[in-house]
Amino acid sequence: MGSAGVSNTETKTIVNDLVLHVATANGSGSQTSNMVLLRALFGMGIPVSGKNLFPSNIQGLPTWFTIRANGNGWIARKQDADIVVCMNSETSDEDIETAREGAVLIYEESLNLADKRPDCVHYSIPFKKMIADVCPDMRLRKLVINMLYVGVCAQLFGLDMDEIRKALGVQLAGKQKAIDINQPALEHAYKWAEENLKKIDPFRVERMNENEGKIIIEGNAAAALGLLFGGVSVMTWYPITPSSSLCEYLEEYLNKYRMKDGKKTFAVVQAEDEISAVGMLAGAGWAGARAFTSTSGPGISLMNEIIGLAYFAEIPFVICNVARTGPSTGLPTRTMQGDVLSLFYASHGDTKHVVVIPSTPKEAFEMAGEALNLAEELQTPVFILSDLDLGMNYWTSERFEYPTDPIRHGKILDKAALEKLGGKWGRYEDVDGDGIPYRTIPGTDHPKAAYFTRGTGHTPQATYSEKPEHWKSNMDRLTRKFETAKTMVPKPEIIEEGHAAGILYFGTTQEAIREALATLDKKHALKLDQCRLRAFPFTQEVEDFLNKHERVYVVELNRDGQMRMALDAELPRFSSKLRGIHHYDGMPLTANFVVESIINKEEDI
Amino acid sequence: MAGTTTPKPPETNRAGLQKKDYAGSKSTLCIGCGHDLITARVIDACYDLSIKPEELVKLSGIGCSSKTPAYFISRSFSFNSVHGRMPSIATGTALANRKLHMIGVSGDGDTANIGMGQFVHLMRRNLDLTYIIENNGVYGLTKGQFSATADKGSKLKHGAVNPFHAIDLCALAVELGCGFVARLFAGNTKMMRQVVQAAMAYEGLAVLDIISPCVTFNNHAGSTKSFPFAKDNEFALQDIGFVPTYDPHYEDMKEGEERVVKLGDGSKITIKALDRDHDPSNRIAALNLLAEYHESGKIPTGIIYLNEKEPRFVDQINMCDTPLSHLKQDVLRPSKAALDEIMDSLS
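Chains as they are written, first to last, in my numbering: chain A, 46 to 650; chain B, 18 to 364.
Since the hints were made in silico from the structure, they are not lab data.
There may be inaccurate statements among the hints.
To be verified - Part of the chain A face toward chain B, derived, beta carbon under 10 Å:
| # | residue |
| --- | --- |
| 1 | L98 |
| 2 | A266 |
| 3 | R444 |
| 4 | P492 |
| 5 | E595 |
| 6 | R596 |
What the hints assert, rightly or not - In silico DSS-like cross-links for lysine-lysine, where the CA-CA straight-line distance does not exceed 27 Å:
| # | chain 1 | residue 1 | chain 2 | residue 2 |
| --- | --- | --- | --- | --- |
| 7 | A | K512 | B | K160 |
| 8 | B | K37 | A | K460 |
| 9 | A | K407 | B | K345 |
| 10 | B | K271 | B | K326 |
| 11 | B | K248 | B | K353 |
| 12 | A | K512 | A | K593 |
| 13 | B | K353 | A | K407 |
| 14 | B | K345 | A | K308 |
| 15 | A | K236 | A | K187 |
| 16 | B | K116 | A | K301 |
| 17 | A | K309 | B | K207 |
| 18 | A | K236 | A | K211 |
| 19 | A | K456 | B | K69 |
| 20 | A | K187 | A | K211 |
Just so you know, these numbers come straight off a predicted model, no measurement behind them.
The beta-carbon is built from N, C-alpha and C at its ideal position, and this holds for glycine as well.
This is chain A alone, in the form it adopts within the complex (with noise of 0.2 Å):
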């Protein structure tokens, strides 16, 4: 019992700064556990993330989160944890090898790993005894002994007991017979390790208070909300991991937010596939709803030949990609920036569409309300480009603000705008010369309101047509248009300084490459210029980005650098300057990795 292996006592103290892995078995009630130990870290105002690495599962295969909590608001993905917690007999032998050397071991006494890893600190702990003890329904003893770690954590490494009642109230909230239940464990913990348990490790949370006006939230609820605040009216969905829970949320705050009258203001509905889905939104965005969709790579290839007749019979809708790891079933519950070229030119023929890409909640909140405008402005789907690292894990950011622009629904004609032009429109024609005509939403009363919708040929007044001239002048307008759409999707988010390198990058890889900057600053004498993409078509600030540097490092989350090639295809002028670095083995980046690959790259210079 107690404290045992190495003995370090003079190891200077390490404050706010911790990577802590936790092992469990999925189905087992962790996920409690471990939010409380996150927001417990979030309360006490030190920069945290969460991130869950879960199985393809519902029930008993193991399933590990990682917390980093770190002073200099470094929260990325680091590869060797500082702390190990091992409550899965099951890995537990490859779960300390996670573990960085000098690191902490914290484990149930029964799994026999005192002689292993003989580099770090181990602390053994009867849980099982001890649940015994707190737990006098054998049935939840599986589910509360993980409520055992955290008082044993909390106590080692200076967790504001406070802020871990707070954090168990809110994670529970409503429950109060979970409470009842978890309380007692988690302090009788947190009394025997303080009774029982040498610290002989270096780490130590302090307070800060860099978390004042923040929110914790996982990138999906982000978008939701995006959504809800933008006037989403209609969303179909069919479930895929990761993208289900931005429905289920959608559909909780709709449920909520969106009643009148004991009605709904509002339509949800669970299709029969992902083709269904985007068929229903193809229908409502053509008769003038805000239409949406959320789904994943698998989904998008299902979507492909609707997307191509919504994109070129110009129908607005919306669709969420919480990206994860493909090809075909690929690794469902593991992040991948891999659909980025199967967004860009989704479905057959000439087709580019507009996507914004967020890099934190706060743009998807942002960007997924700003798409639905974009949407019915262009007349075309608009795509977001998230993934299952943004969608599911869970991320400090700032309060999201009230959207105060009006909704914008685009280039309408109505019954009195017919009127007035006596009934003389094209539905195709491009009037202004910005390549986005007008049109007419289904009921309108006017004679002349109606036009025909198709895939097929069509002249600017929609009627049917093989003629080459008008098949040309059509795909044409559309490539007007997507020139219009460049000066209309969010800009990239770009820091220089006149540097020769520049890094470009996307999404989520955002953390990883702000950390290793800094650190190849510092340890490496070298700057380099940030271009942060928020959007395809690329704007005339990428271009710039790129003609200015010597050499641009493009990042991703996959094997074939998808976005690089995107660049290629758009400003092939450049081509030779890019330098792609794909991290593609299902997770997220670390900044270790972005600096051993610029490294390595600027020696080959």
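Given chain A, put chain B in place with the hints provided.
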């Protein structure tokens, strides 16, 4: 006064529209195609029901049948979508605007082959849609391959025999709880005119499986979807009437010798059984009837199954009465207080 005549005013319906206001473009289908007969009955039905063209949408998938929305009521919005996916497009349209009348035109390939998945789920949801299947047992636009409704043993023009069982779309519709299921023959225009009207007045999904022969690829001896075969083998089950509320005889229509079914909009369908007393409110009887005739090779036409009490899709999902497409920002965007409340709960 001799020599003067008052010009007869053009005939109009209760919407004040003439028949020509329901016209479409000229059909480009083969001369004699069964589909054109159906198109004409759809025009009749919409005129007779005084549906405002602006309040009607026409939807279709891909195939000869799916081209037909171009041939009726050009004043109505139309969406010729992709193969087999019209049901989802129609569903989305209803979500955006529940007030629209919707007519969907599909074919046997578009429904029973590529579109089967969406077709069955459409029935689960009971969308308020008149779903017409122009059923000729072959793919016309790709020049005469069998579809899944082709009967086992029927022959293609060049002699190939279909070795597979046919999918009976009416039986499937009854099985899946569709509340209005009719089998019709494009050659029986009298029955079609009444049933298309009744289907459009019906609140919910009405599936009309209409044998509509392909004169180019499936009208030969050995085909069970040809005009001659259908004429010889049609077995009309009922004499069907459609009686709207404003009909002078509306009140006289009472249950008696004939069945009278009152629809959600008040209009009545009268169903007088002919040689066989089929009760269309009996689902089991409907399935038995289809199975029996399938064995005999005869084509029973009429209303196979009718249940006017199924709740509609838009009501099942508790959608508000205002079309969602009409909602403005005051409804679409919740208040700042709502966002503040959510943000507080996350901090």
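Evaluated hints:
1. L98: Cβ of L98 of chain A sits 23 Å from chain B, so the hint is violated.
2. A266: holds (8 Å)
3. R444: At about 5 Å, which falls below the 10 Å cut-off, the nearest Cβ of chain B leaves the hint on R444 of chain A intact, so it holds.
4. P492: holds (6 Å)
5. E595: violated (44 Å)
6. R596: violated (41 Å)
7. A:K512 <-> B:K160: holds (23 Å)
8. B:K37 <-> A:K460: With a Cα-Cα distance of about 22 Å, the restraint between K37 of chain B and K460 of chain A holds, given a limit of 27 Å.
9. A:K407 <-> B:K345: holds (25 Å)
10. B:K271 <-> B:K326: Distance of about 19 Å is within 27 Å: holds.
11. B:K248 <-> B:K353: violated (67 Å)
12. A:K512 <-> A:K593: It is violated: about 44 Å lies between the C-alpha atoms, which goes past 27 Å.
13. B:K353 <-> A:K407: holds (16 Å)
14. B:K345 <-> A:K308: holds (16 Å)
15. A:K236 <-> A:K187: holds (21 Å)
16. B:K116 <-> A:K301: OK: K116 of chain B and K301 of chain A at ~25 Å, within 27 Å.
17. A:K309 <-> B:K207: The given pair, whose Cα atoms are some 42 Å apart, is violated under the 27 Å limit.
18. A:K236 <-> A:K211: Given pair K236 of chain A, K211 of chain A holds - Cα atoms ~18 Å apart, limit 27 Å.
19. A:K456 <-> B:K69: Holds - the C-alpha atoms of K69 of chain B and K456 of chain A are around 25 Å apart, at most 27 Å.
20. A:K187 <-> A:K211: holds (23 Å)
Of the hints listed earlier, those the structure fails to meet are numbers 1, 5, 6, 11, 12 and 17, in rising order.
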